[in-house]
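Start from the sequences and build out the full structure, keeping to the hints where you can.
So the protein lines, in turn, are chains X and B.
When the letters of the first sequence are read in order and numbered with full-length UniProt numbering, they come out as residues 1 to 197.
When the letters of the second sequence are read in order and numbered with full-length UniProt numbering, they come out as residues 1 to 197.
Among the clues, some could well be false.
In the DSSO-like style, the derived pairs of lysine-lysine whose C-alpha atoms are separated by at most 27 Å in a straight line are [claimed, not checked]:
id	chain 1	residue 1	chain 2	residue 2
1	B	K115	X	K122
2	B	K122	B	K39
3	B	K122	X	K122
4	X	K39	X	K115
5	B	K23	B	K186
6	X	K2	X	K186
7	B	K186	B	K2
8	B	K186	B	K115
9	B	K122	X	K115
Rather than coming from a laboratory, the hints here were simulated on the basis of the structure.
Remember, it's a predicted structure, so these values are computed and weren't measured experimentally.
2 protein chains.
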Amino acid sequence: MKLYDLELSGNCYKVRLFAALAKIDLEIVPVDFLDGAHKREPVISLNPWGELPVLVDGEVILRDSQAILVYLARRYAGQAWWPEGAAQQGEVMQWLSVASNEVQHGPNAVRLVDKFGYEIDKPQAMRLTDRILGLLESHLSSHDWLALGRPTIADMAVFPYVALCHEGGVDLSPYQALDQWFNRIKGLDHYISMPGL
Amino acid sequence: MKLYDLELSGNCYKVRLFAALAKIDLEIVPVDFLDGAHKREPVISLNPWGELPVLVDGEVILRDSQAILVYLARRYAGQAWWPEGAAQQGEVMQWLSVASNEVQHGPNAVRLVDKFGYEIDKPQAMRLTDRILGLLESHLSSHDWLALGRPTIADMAVFPYVALCHEGGVDLSPYQALDQWFNRIKGLDHYISMPGL
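See below:
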């Protein structure tokens with residue numbers, strides 16, 4: 001199973017991290033993002049959206065890091081990380097949406113501006129970041145994990161860009177519950193890191 | 001089962017639409033959004049994020065329209081709209097992420113500016129809209145439905161704000177495959193509409 005990967009991408013890292021925790025073997029295929037290799041063959045045929053990561057597992061080809069997490073958890077990791085029940089799936093899914101929406105356009109966006117020079121409205125991204133950090137801090141003040149009282153793909157999806165947003169100029173020091181959650185994740189068996197964490 | 005609802009919200013409409021198609025009974029509870037009722041009791045305790053829709057089904061309380069679609073489909077609609085298989089869930093999930101990310105910050109955002117006066121960077125939202133409309137048009141030029149070759153919650157999640165974005169000043173007339181997809185959705189048994197469609 002191949003993961004077309006960029007080491008500095010939080011979206012790629014969340015897949016590498018989850019695979020490590022769930023002991024799923026991945027063959028990492030580094031893609032030269034700065035040279036635009038994700039917009040050329042062979043990657044562009046695998047993902048016409050021109051984004052990373054892309055997972056290829058036999059005939060299954062998936063873009064979107066949240067979709068890849070759902071697929072890997074469902075196929076290779078029993079119900080530990082992605083349950084079968086409707087209410088439980090709904091609870092985890094709330095946070096997969098947060099990863100795709102608020103985290104992508106807040107903490108991820110501010111880092112894209114500062115670290116990679118993206119032309120994004122940074123004040124708008126900072127407002128979204130402040131909001132999501134406050135909501136996460138509030139939730140994590142009374143919960144050890146985002147959903148189901150245990151680590152799930154919800155934590156894997158939200159964690160990377162939140163923990164990386166100091167690279168976008170965000171001061172994370174006021175957020176104590178977030179910091180404790182970071183440490184719980186970093187304390188999981190088989191945890192792996194990435195540059196910036 | 002109660003849906004705390006705003007008639008003009010595409011996120012609320014996607015839940016009403018899916019429930020209608022899957023013949024799931026919802027008790028609609030209108031929330032006076034313009035008067036800020038979603039930020040006051042009883043709604044704010046149900047959803048501290050201060051957003052609509054919110055679903056309450058016995059002890060299950062869910063925010064986020066994509067999470068609500070997953071819950072309703074999993075609990076009440078067999079595998080027709082949200083399958084059990086890993087590859088199939090991954091395929092649908094790709095589009096639930098698109099609904100949370102690109103659709104929310106493109107087609108939804110331009111409408112929020114024009115119709116409701118939100119202070120959002122409209123040129124940035126227009127660029128995101130152009131990109132997602134092009135990607136959707138390309139995909140739908142060779143697919144009748146977004147995923148699995150049949151209507152799923154993927155279509156329900158993405159459809160509303162894309163079909164509404166003319167209210168944000170977007171000219172949808174160049175997108176013929178999109179228009180045909182709109183018509184396929186509108187032709188489904190038990191389809192219901194909303195203002196602007």
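Results of checking the hints against the structure:
no., hint, verdict
1, B:K115 x X:K122, "24 Å, holds"
2, B:K122 x B:K39, "25 Å, holds"
3, B:K122 x X:K122, "14 Å, holds"
4, X:K39 x X:K115, "21 Å, holds"
5, B:K23 x B:K186, "16 Å, holds"
6, X:K2 x X:K186, "25 Å, holds"
7, B:K186 x B:K2, "25 Å, holds"
8, B:K186 x B:K115, "23 Å, holds"
9, B:K122 x X:K115, "24 Å, holds"
Violated hints for the displayed structure: none, as all numbered hints are satisfied.
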